[in-house]
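**Q** Residue strings, one per chain:
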Amino acid sequence: MTKTKRDINYKTALIGWSLPSIEAIDQMKRPFVIVGPPGMEDYAKKYDLPYISWDFEDYKKRVSMEEVCDHCEELFHALENENVKLAVPLFEDTVEWAAAINARLQNDPKIFKHSLLFRDKAKMKRRALMGGLKVGVFEEARTKEEVKQFLRRVNDALLKEEEELDPIHVKAFNKAGDVGHRVIRSEQDAEQLEEETFPCLLESHLDGVEVSCEVFIHNGKIRFLNITEYIVFGYSMMAPPSPPIEKQRKKIRGAVQALIKAFDIKNGLIHPEFFIDENGSISFIEVAHRIPGGNIFDLIQKTYNFNPYQAHILVSDPNTTDEELNKFFPKEHKFKGHAGSLMVYPRVEKIEKLNVPQELEEHPGFDRHTMFTPVQRKVEESEGFGNPHGVVFFHHDDCDHVKQPLQDYAQHDFFI
Amino acid sequence: MAVQMNTGGEINTFEAAFNNLQQAAPYAKEMYQNHVFQVAKKLAETREGIKELYEFAPKFEEAGVFEGGPWENPSKLQPALVNGSLRVDGVESIVALLSELRMLALAKETYTHENVTAEDAHEYLNEVMANNLDFIFPEEVDEDGDEQGKETERAQRLFELVVDELTLQSISSTLISEIKRLTVQRPIMTNRIRVMIRKAEQLMHEDVDEQDREEIERFHYAISTLTPLTREFEDYGEYRQQLKEISEEELEEEAKAFGSSLHDTGLVSPYHVVLMRHLNRNDKKELMKFALGLSDNGYAHLEEHYEMVQQLIKVAVHIPTRQSIYGLARLLERGVLSQTPVKPGLRRLIELDINQDVRNTLMDATHSKKEGLTANDVLTAGVMSVLGQPLGIGQGLNPTCQSARALSLWSIHAPGYLLELIPRAARDGDIDVSFEGQPIHSKDLPGGLAPELHEELDPVSLVLVPHLDRIYAEMVRRVQFRGDDPHKWVNPAFYGDWIPKGFSKVFQHNTQNIVDYQGFVRLFYATHHPEYNEGHEMIYPNPVGIAITTVYGNFLGFHAITIQRIAKDSEGNYRVYFYNPNNDSSQNWGQGIEPAVQGHGEIEGESSLPFHEFVSRLYAFHYNPYEQGDSFAVDSNNLEEIERLAKESWGQEFQWL
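Protein chains in written order, with this note's numbering: chain A, 1 to 416; chain B, 1001 to 1657.
None of these hints come from the bench; they were simulated from the model. Check each hint, because a few of them may be wrong.
Derived DSBU-like pairs: lysine-lysine, alpha-carbon spacing no greater than 35 Å straight-line [claimed, not checked]:
#1 K46/A - K1042/B
#2 K1041/B - K1199/B
#3 K123/A - K250/A
#4 K1042/B - K378/A
Hey, can you work out the whole structure from these sequences and the hints?
**A** Here it is in C-alpha cells:
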C-alpha cells in the first residue's frame, strides 16, 4: 500500500455513482474523480467529492451503444484536464463509456470494441463458442415466429414431443442481470412476448447448478477467484459455495481461464456465470465486466475479509504491481464461514407491514437484514425482479445453516 | 461465526455497527446507518435496551447517526412532530427515538451542541412531554381490546426513560392545564378526562409543587371520594347507609360539596349518584338545589317541574350514567323543561320499546350490562345530557361533524323536534326528512360517511348519528351535479329553517379555484359584523365551513363548525364564538391563531377567535340576504391582512385567481 500512495500521480475516474467504490478508492488514498449522473451532483458537492456530471440516461436515449465512442469527446477532455489516466466502470451501462475513455487515453480504439463483447449477449456467445467454451445452442430472434421455430427445432433435436417440451430462454442483448430474461415453455408463451422484446437472444435450456465467478484479473492472470453458488435463482446466493462445488474449483478455474483467453482479457473484474451439470461438465452462460449484483461483494468481504471494491480498482489499473496484489488478496481456501444473501421483493401491490419471522431471526445462520416498513407503501411495477426492497444476510461456519434458510425463505413474504 | 442479534449480544452488535458508522467518511455514512437503526430497533424492544442506547447518545451526532436526514440539526427540530414520527411503522420512528435520546443527553449535559443549550433541550423536551401525554400516561387497554402497535409500546418505553431522567414537575402543570382545558369545555363524554386524572394521580406522590398537587387532588376527588364521609365509607352501600344516619346539617354539607365540585369541574363522582338518589327518595327538594349546584333560576325550574325531575333521577341517574347529573343541572338552568313538547317527549322515552340492535349498542357503549340498567335508562340519561349541554356534544372519532352540529342546534332551538327523532330512530330504526318535497328515509339508505361508527359517543349520538349521517349524504348526492355547492340547498333542509338561504363560498364551484376572496370577506363582514351589518344580531347558529390548519398553518382539511354568536369581549374587541363538534376546540391553527375556550367570555363548550382571525379560516357560510349592510365600508387594510393570513396558510394548497 505504501508504494501505491507514493507512486500514483494520476487520477482514476469512476464511471457511475456507487458509494462503496467511492469509499474504497478514497480509503486507498488514490486520487480520483467521479463521473456520475446529474442527480448526484448536489450530494457530491455537499461532501466535497470531485465530480463530473454526465447524463448517461440522456445519451442512452439518443445514442446507440456502438456510437458511444464518437460521443465521449467532451467527457474525455474533461477527464484529460483532470489528469485522469484510467477509467473504471461500475455498472453494466457504463462499461462502454469507461472503455471509450480508456481507448482514447491509451490511443487504442480496440479497447472500446472489446468492451462491446460484454454488452451484446449474442456476440458474447459466439466469441465464447469460438474460444472453445461449452455453450447452449443459441440464435438471435426478431419475431415471435422465430422464437417458436427455435423452440420447435431445439425440441426436435431432443426428440421431445408437444407435452414435455424442453424450455428455451429469451434474453435481452444488453441488459444487466435478469432484466429481460423470459423462460419459454410453449408456443403460447412465445405468442405472449411483447414487441419490445425483439431483437433478442434465444438459448437452449441447460441443466445443473448455477454459479457465478468474481474474477479479479491482472495482466491476464487470475489473482483471485471467488465462486458464488446460486441457491434460488434470482433470490439467494452463497459464497464460498457448498463442498460439492468447491471440489470443482480447479475445473471452474480452468473454464475461467479459457474464458479469459477467448476474450483476451488483460485487467479488471469479470463476473461470468456457469452451469455445472451432474457430471461436472461446465457450460458458459454469460459474462459481465462490472461489479456483480446480489450483494456478492458483501459476501466476499464477510468471508474473505478483504474489500472487493478496492480489489476491483487495483486490478483495473495496469500499473498495479504484483507485490501489491500478493499482499492484498488472501488465499482462496482460507475463508471464514459461508456468507449468504437473500434478496427480498414484495409480492403485494401495497405494503401493509413488515413480516420478519422470529424463527428467522433466531436461526443460527441469520446475520442481519436491512428491512424497515417503507414510506412508499405502493409497490412499483417493474421489469424482471426489479430492485430488491431489502436483503437478509446469513453467515455461519456450517454451510447448511446458510443454504437451508436461503432456500426456505425465498418464498416467504417479508412484506404483507 | 456471525454475531447473533438474538442471543442477548445486541449491545455488542450495536457497538460494532456504531463503530463502523463512526469510522465512515461523512459521504459514506448512509451505507452504515441502516444497520445501526436495525440494531437500535432491536434494543428498543426493552427498557434496558433503550437505556443502553442512551449511553451512546452523546456520540450519536458526531458518529453520523443523523447525517443527511431531517434530524441532522437538533436546533431545527419541532416538538410538535415527535408524536407523529414515533408512531410511524418504519425507520422514521427509530431515528426519532434516537433523536430524542440525543436531546435528553443535551438536557442532561452529557453532550453539548453549539446551537442547542441544555436549557433549550429542557424546554424542547418539556414541550415534547406535554405533547405526548398519551405515551407518558398510556390508556389502559381492555383485555379484549386491540393489541397496541409496537411503535406505541416503544414510545412508551422511551418516555419512561425521559420521565426518569427529567423532573415531572414540568409536565405536572401541563397535564393539569390539559385537564382544565378539556373540562372547561364541558363535554358530555368525559372518559378521556378521567383517564388523564387517574394518570395525574400518579404525580401526587412525586415531587411536584404544592399548587399542582392541590389541583390534581381537586380533580382526583371530583371523580371519586369527594367528601370525608365518602372516604370513610368507600363502599357505595355503606355510604348509602350512612346518608340515612347523618344529621340534616351534615347532609346539607354533603350536598353542597358535591354541588360545588360539579359546578367547578362538570365531573360527577359515583358517590354523587348515591347522594342524589337518597335526596330524591326522601323528597329533599331544597338539598337537591345544593347537590345540583343550582342558581335561584335553576331552582325555580326544579320547583316548577319537580315531579318530572324526580322521575328523571329515578330512571336515569345511575353510577354508569352519572354524568347525567351534570346534564340535569344544566337542563334546569336552561329551563328546557318549560318548553311544551319536552316533558311528554321525555316521558315517552322512559317507556319506549327500543329495538334490539339499538338496545345492544346502548348497553355495550356505556358498559351498562350487569349493572341492572335498561336501555331506556341509558337513553334517557343521554337525552338529559344533550338537552343540558348542547355544546358538549362531540363527534368522537367519527367524521360526522355535520350530524353533531345538527344535534347541538336542535338541542338549543328545537328540543321538541329532537325528542321526535330519537324515538323514531330507537324504536323504528328509521327517520325521515323531507328534501325539496320528497321524503328521504334513512332505513332505505346505505353507508353514509361513517358506516362503522366509533362507539365512544353519547347515547343520543349513538342512536341518531347513523341515520342523520346517511340522510345528509343522500341529500348531497341528490344535488351534487348542480352548478353550485350542495351545502347551499342541503344545510337549510337538513338543519331546518333557521338556516338562512343565502350562501357564499370562497371557491369557484368545480374548479376549486379561489375567486374574489376580498368580495367573499366583505360579504361576511356586511352580513355578520355588527358594525357593518346594520346591527342585526345573530339569532340562530350559522353552520359554516372552515379550513383547518396545522400549528404551522398548513392545510389539514375542511371542517364543519357552527357560529353561535358574535359579540364584543371584555376588551371591546369583536370575537366570533363558535361550537366545534370535535370537543377539542383549542387546537393551535398556526400564524398565532389559537381558538380560546375561556378567558374571553366564552360560555361552556364555546371557542372563540378575534373576528378577523376567524374569517381567515372561513371558506363557506350562510347569510340572510335581507340583512346585509355596507360591504364597501369594510376597511381595506383589514381585508388585506385577512387575505394574507388565508393565502399564506391553507390558501397555499389552492389556485388564487
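**Q** Run every hint past the structure and note whether it holds.
**A** Cross-check of the supplied hints:
1. K46/A - K1042/B: 32 Å, holds
2. K1041/B - K1199/B: OK: K1041/B and K1199/B at ~28 Å, within 35 Å.
3. K123/A - K250/A: Holds - the C-alpha atoms of K250/A and K123/A are around 27 Å apart, at most 35 Å.
4. K1042/B - K378/A: 26 Å, holds
Hint compliance for this structure: every hint is met.
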